[in-house]
Amino acid sequence: MPDLYALLQAAADGATASYRDFPVIGSRAAVWIAAQVHLMFAAFVLGVPMFAVITELIGIVARDSKYDKLSKEFTRLLVFAYSATALWGAVLVFFLTTLYPRFWTHMTEIFGPSMWVYVGLFFVESFTLYLYYYGWDRWNVGRAKWGHWGLGLLLNVWGTAVMIIANGWLTYMMSPPEGATVAGLPDGVSTWNAIANATWMPINIHRLIANAVFGGSIVAGYAAYRFLAARTDEERAHYDWMGYVGNFIAISTFIVLPFAGYYLGREIYEYNQQMGITMMGGFMSWLWIVQAVLIGVLFLAANYYLWIGMGRIPGAERFMPYTKWMLLILIIGWLVWATPHTMIASRAEMAAMGGSHHPFLGILGVMSAKNTAVNFMILTTFLSFLLYRRANKEPTVSWAQTGTLIEGAMFAVSAGVVLFYGIYGYFVEAIVRIGFSVYQVGAVLACIIGVTVIDIALLRGAKSRGAIRWGQMPERSQYALFVLAVTFTWLMGLMGFARSGIRQHWHVWEIVRDTSASAATPALGYAAWVISACVLIFLSLVAFIFWLGGLAERAVAKGTTIPVPVPATGRGH
Amino acid sequence: MLATNLKVLAVALLTIGFYALVANTIPQLESEVPENLALGSDVTAEQLVEAGERVYQGAGGCTACHGLGTRAPNLLTDHAGEGAIGSRCGSRESDKDCKAYLYESLTDPGAYVVDGFESIMPDMRRQLPEDQIWATVAFLQSQGGEVTVTGADLPADEEGGQADAASAPQRSATTDPLQLLSENACLGCHAIDGAGPPIGPSFDAIGARISADRIRRGIIDPDSEIAQGFDAMAGVMPKIFGDQLSAAQLEVLVAFLAGRR
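Taken in order, these protein sequences are the chains called A and B. Numbering-wise (my numbering), the first sequence opens with residue 1 and increments by one. Numbering-wise (my numbering), the second sequence opens with residue 1 and increments by one.
For reference, chain A alone in the conformation it holds in the complex (with noise of 0.2 angstroms):
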């Protein structure tokens, strides 16, 4: 303790040394695990806030109970969460200035003020959360319901704030404002142009839509194991319908992340041809196959769970042939999104395999073979949300055959035109064919929310074949939540590395230059150790905590009932 005081302070007293050293495993390991378990707690807990909301409103328009109950969970998972990201955003603070006095000097002397707005914001979203779940039973009917759901709306409001300003100084160190200098911003340049930088807004909207996707993967992780640690009946039924609303949340947000992705990938090329072509080109092009995989994972994962438990949904049985169909374009398509296309080969290696490009997988490793297949991912993954809604749905309009047929003919005509443009692709220049994406991306978007709309109202007072029998769910479909929730949590720290990594030897992109002996940015394989470090570390920090809200909701709960959806009697294998 004593060594770490003398750290701080020396840090304090503006020491001259621009690094410090860190034992066993060295600054930039310690930096970097800190770092993304804080992220990925922060994730957490400005993901979950935002359908917290959402139930808690449709709890108090449909007056159902258990919608409101579903939000309370999710925001005591919030509370206990909080404090782990505070702590970890403590150890990152007193790591950077301890083991990076000058780079942390440098950035105080630009962002000094916006630091303080953001502390000054934390304690405002702490205190808000703390009245939003504290006040939960108090503030439960009438007008101060919806004074209280307010008070969740804000919550929102002050996470998102938190987060641009941090977003401000990790995308000033990509992309800061022009004239920036080691001694600080020129003349004309304020703080604000630091902050609203090149790559701040695509950040901010990529990180916002990720975070609902993490904390939605998250919470389907904790409802499965809640699942599967269930001693009755109503206990399982609650927690296989939250861990179907997570997942629900995760994929549906995640099938948006990619186009937040292009958007942001757009802007780094814009503001440094260069960094562009290290992230996409450079030694970081083997990343995006390891991408790629994770993302089959995902696809696969999500569709099995949702087959699985079409299982527990009366009717549901007439669309199971055509699960085996759906998982062939799954395994397809992810087989050639993993395909390898550019990469930086020998000379060796280029004669070896004739070329730049391996001459039979080549082919499969363009663009065109890849945005086919994930786009096709895509729609057959909405198909199966189709399927599952349906499952139980025996449509009462007038009007339900032609709709379907409608809706049969949008899901072909877009699958038309992703495949005849994966095809026309492969005819054109590089320069037309990357603008063929725009409307194979469009098509599937056109086909998602056009079919939604008619099935929506499809499916308005349809008869029902049954109702769902939650908690008859076979066991294995929870371990697909979990692997869902590591994945998605490996995936973050994978993105993370990707976003940092592509700054290569500098602290701020060509201003603040990283002179330590760690500055070489490391190969994929020490970067998954480090990954896998971080994952295991927020995991089990998560399992903890949710075992400490555990233990809470016992001693309070005693002798109260839950309010389930439809229970049912026994439990499905």
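Certain hints may be false.
Claimed, not checked - Listed below are the simulated EDC-like cross-link pairs for lysine to aspartate or glutamate, each with C-alpha atoms no more than 20 angstroms apart in a straight line:
id : chain 1 : residue 1 : chain 2 : residue 2
1  : A       : Lys-69    : A       : Glu-553
2  : B       : Lys-239   : A       : Glu-270
3  : B       : Lys-239   : B       : Glu-53
4  : A       : Lys-72    : A       : Glu-553
5  : B       : Lys-7     : A       : Glu-475
6  : B       : Lys-239   : A       : Glu-510
None of these hints come from the bench; they were simulated from the model.
Following the hints, position chain B against chain A.
Below, chain B alone, put in the same frame as chain A:
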């Protein structure tokens, strides 16, 4: 419950382990830090010359033009009977000694252009930090002359004299392909409309010979694929254009060249 906990743990560890395994199975590429010359104020003339030679032969891309005898004056050998650069640099401009002239040539190359040559040289502050520019001056002086560059000429900052973004010249924003070809000195090596040196492949009918994709790759990573018949020139083209051109400029250039059929 213990069995469930163990199963959950096993699923988590297996999933994490699978991803770590995949990431460790693929080729391991590390992004190296560019060599830091670490030239301090007490640097000797020999150290400066040695560092300058590395810049001249490597990161500076100087050999792309100088030494071929067609695009730019020879520096290391005799030029027009005046000897190597170190022996003639002091007499180029009346008001500048050798050191000042060479520094000007690297940082404001258009200020004085040797008779018989075009003004195609880029301002080297775009790609080299100040201390590497001074090291290059020292190396050139050493080619037949006296090295007068000292540690006092080097910038004193701790970053080893990284290029100062504020003082470095800004990139041209033009999207006129011909202007881009001229500004980036492409025509110093590549012929167009039947005229120009044959150091690199001609731009005439280049769109019929190779795809736009390959043209783009050739600009960004010139050594990724060497054109037939130009093996001897491998490594000559500077690898700076990915950084020097904006995305829009690169695409304009690729489209222009791909359209020359």
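Now the hints, each set against the structure:
1. A:Lys-69 <-> A:Glu-553: Distance ~13 angstroms between Lys-69 (chain A) and Glu-553 (chain A) Cα, so the pair holds.
2. B:Lys-239 <-> A:Glu-270: It holds: about 19 angstroms lies between the C-alpha atoms, which stays within 20 angstroms.
3. B:Lys-239 <-> B:Glu-53: holds, 18 angstroms
4. A:Lys-72 <-> A:Glu-553: Holds, because 12 angstroms separates the two Cα atoms, which is no more than 20 angstroms.
5. B:Lys-7 <-> A:Glu-475: This hinted pair holds, its Cα atoms lying about 11 angstroms apart.
6. B:Lys-239 <-> A:Glu-510: holds, 17 angstroms
Hint violations for this structure: none, all hints satisfied.
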